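Number of protein chains: 2
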Amino acid sequence: MTGKVVLSVSMSLDGFIAGPKDDLVRLHDWIFSGRADRSGGKSDRTGGSSRSSAGDPKDAEVIDEMFRTTGAVIMGRRTYDIGEPFWGSNPPFRVPCYVLTHRGQEILIRGETTFTFVTEGIESALKQARAAARHKNVSLIGADTAQQFMKAGLLDEIQISLVPVLLREGIRLFENMGTKQVELERERVVESPGVTHLTFRVVK
Amino acid sequence: MTGKVVLSVSMSLDGFIAGPKDDLVRLHDWIFSGRADRSGGKSDRTGGSSRSSAGDPKDAEVIDEMFRTTGAVIMGRRTYDIGEPFWGSNPPFRVPCYVLTHRGQEILIRGETTFTFVTEGIESALKQARAAARHKNVSLIGADTAQQFMKAGLLDEIQISLVPVLLREGIRLFENMGTKQVELERERVVESPGVTHLTFRVVK
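Just so you know, the sequences run in chain order A and B.
Going by numbering that gives the first Met the number 0, the first sequence opens with residue 0, and the numbers climb by one from there.
Going by numbering that gives the first Met the number 0, the second sequence opens with residue 0, and the numbers climb by one from there.
Derived from the structure by calculation, the hints contain no laboratory data.
Just so we're clear, the structure is a prediction, and the values are computed from it rather than from any experiment.
Hints may be right or wrong, so weigh each one.
Same chains, same names: a pair is fine if it fits in one copy or spans any two.
Unchecked claim - Think about it this way: if two alpha-carbon atoms lie no more than 30 Å apart in a straight line, the pair counts; the simulated DSS-like pairs of lysine-lysine are: (1) Lys150 with Lys20; (2) Lys203 with Lys3; (3) Lys20 with Lys126; (4) Lys126 with Lys57; (5) Lys203 with Lys126; (6) Lys20 with Lys135; (7) Lys203 with Lys20; (8) Lys203 with Lys150; (9) Lys3 with Lys135; (10) Lys179 with Lys135.
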């Protein structure tokens, strides 16, 4: 059995997955609310060097399941460049990560995470990620990466953590994905105090 | 007790409340699925001359509640012009309706529905609608009207029937609303087979 290609992302009701200047604070509040340490240090809010543990048990279960079922990660170079300074010596992924880039470089090993830089495009990255993930899922990170996979018909599942806020501006998830109408099937709804987790299967 | 100013609308996961050319068919499928008569005649799909009765009991309850709690309606001239040919001799609203327009005209009575044409803008329309609605809610119809009310800080509640489809193009609900970030509070989630009904209170 092959795993799925999954996008898990926090999105405002008006469709943004990051605010202006890549600001993630409001959208990721639910991940940190209720934690003992709410100092809100920058490294905490971008994943820190340890895995997230949300304050609400329902949120924690959604996050734990995501980590449990993910066998490899694909992200864009920009996401990597923005995140890298905050991930520390043991980034939270702890699985093989594939970074889509135009500039090749050596594999990087950071604690339990490896970063492989892929210059041959998404199909090559997916092939490598699938092999590494074995039966587990391949997770996509970042709007641009998600859009490329969606456009190519390679995305199997969309997990939206719908945040009750209108951000008004920022980076929209659902654009640059082509114009073909795509049917989805709602698979699951989890209501936590802070957000609504909605899982959709892409109907192919 | 004054009623609330409420927007109830079907929206695709990618944020559209109408497809290209004002097409509502895919977004309103859930209202008609399971009905005995699925002939899909044009007048049916735009409300027809009788109230909608959705096939699924949960959908039916959401729609019934919306009609039950609505005491007046405010819509834009464009919505009126598009809808009018399909509403027949007894439009489905059966409450006083206020049409925002630049061209004044006489009050129109159609069955149990009255259409009052308001040229003095949204605050005047709201005042009249509130008086007519008494303790019940004032419902907004149409993206443009919703956007004007939201921008003016006059919207109390957003009821989204989230349709599992990516339309890719059409009329977006959440734009032209200003740039101020707005917090919402999720009040209710109703899962029906076809859609996810999400109710949010606008935090002021």
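Hint by hint, here is what the structure shows:
no. : hint               : result
1   : Lys150 with Lys20  : both (25 Å within a copy, 23 Å between copies)
2   : Lys203 with Lys3   : within (13 Å within a copy, 41 Å between copies)
3   : Lys20 with Lys126  : neither (32 Å within a copy, 40 Å between copies)
4   : Lys126 with Lys57  : neither (33 Å within a copy, 43 Å between copies)
5   : Lys203 with Lys126 : within (20 Å within a copy, 49 Å between copies)
6   : Lys20 with Lys135  : neither (33 Å within a copy, 42 Å between copies)
7   : Lys203 with Lys20  : between (34 Å within a copy, 25 Å between copies)
8   : Lys203 with Lys150 : within (12 Å within a copy, 39 Å between copies)
9   : Lys3 with Lys135   : within (7 Å within a copy, 48 Å between copies)
10  : Lys179 with Lys135 : within (29 Å within a copy, 41 Å between copies)
Going through the hint list in order, the structure does not satisfy hints 3, 4 and 6.
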